[in-house]
Amino acid sequence: MKKMLIIRPDYDIGTNYLFKWSQKVIDVAEEKGWKTEKSDSEKATRKEFESRLKNRPDFVFINGHGNNELVVGHDSQPLADAKNCSMLKNTITFTRACNCLNSLGKKAVKKGCIAFIGYNKEFWIPRSHKFEAVPLKDPLAKPVIETSNIVPISIIKGNTIENSIANATSIAEKHILKLLISSEQQDRATLKAIINNMGALGFEGDAKAKID
Amino acid sequence: MTENYVQKLVVERLMAIPPDVSFSVGEYGDFTRNDLIKEVMKNSKVGKATIEMELNFIRQMPKISQMIK
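These protein sequence lines map, in sequence, to chains A and B.
Okay, so the first sequence: first residue is 0 according to numbering that gives the first Met the number 0, each after it adds one.
Okay, so the second sequence: first residue is 0 according to numbering that gives the first Met the number 0, each after it adds one.
One chain only, chain A, in its complex shape:
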């Protein structure tokens, strides 16, 4: 049985949005018969992360905040960095956090991670104040996070790394064309974010890697 480890801190607005929207990825994994291990909210810690990596997941999906060197979990505490990224060995990892691809991604692959997908700039989430309490109904965040979700969903469905990114790019293009002709002023925020995020999406490691 294939295994996914998903990390979902939930301590501020940004992580709350990612927490809620990541459920759709878990649903797809479970529909496909995957075993899903979750480190949620206050359990999104370095200790829990390292402990669960010992169960040898095929796919690791980290949500959180980050920078060039590390990704943080609950309460902005370091979760993954150069010291423990060797534990991503033999996994495909998708990190939905700012800037992590730049240095952390390279180090992880050097230490045996098959492929590390992530962002080399900030990951922007636009949101409407009216929907703050119901992120899944936020029409500004929806195209941005749904597009990002295409990457892990494609991997779960057996696509290669390069095809998973191509699938997300194709969905992003559809959203962009729709947003360009929108008369809603708010949609300008979504357009800016989706273009930025797609330009920042990339990977290190084996482009042809897949889990099947």
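Check before you lean on any hint, since a few could be wrong.
To be verified - With a straight-line Cα cutoff of 20 Å, these simulated DMTMM-like cross-link-like pairs (lysine to aspartate or glutamate) come out:
#1 A:K42 - B:D34
#2 A:K141 - B:D19
#3 A:K120 - B:E51
#4 A:K141 - B:D29
#5 A:K129 - B:D34
#6 A:K34 - A:D57
#7 A:K136 - B:D19
#8 A:K129 - B:E2
Hints were generated in silico from the structure; no laboratory data involved.
Add chain B to chain A, keeping to what the hints say.
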């Protein structure tokens, strides 16, 4: 382009976004349109990230226009 021109350009473009919209920008936090304008004028880290986002948007326009068949 001078730094001052770029700041003005980005501020004008941000003004086109309604005030009841915010952006979550990773570890920097959550920012309304007006917050971002202040950060751009201060040339803070998130201000620089905002400038980069806007300039990237403009740079991508030729590529985006090619999507329209």
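Now the hints, each set against the structure:
no.	hint	in the structure
1	A:K42 - B:D34	violated (32 Å)
2	A:K141 - B:D19	holds (17 Å)
3	A:K120 - B:E51	holds (9 Å)
4	A:K141 - B:D29	holds (17 Å)
5	A:K129 - B:D34	holds (18 Å)
6	A:K34 - A:D57	holds (10 Å)
7	A:K136 - B:D19	holds (16 Å)
8	A:K129 - B:E2	violated (35 Å)
In the structure shown, a violation is registered for the earlier hints numbered 1 and 8, in ascending order.
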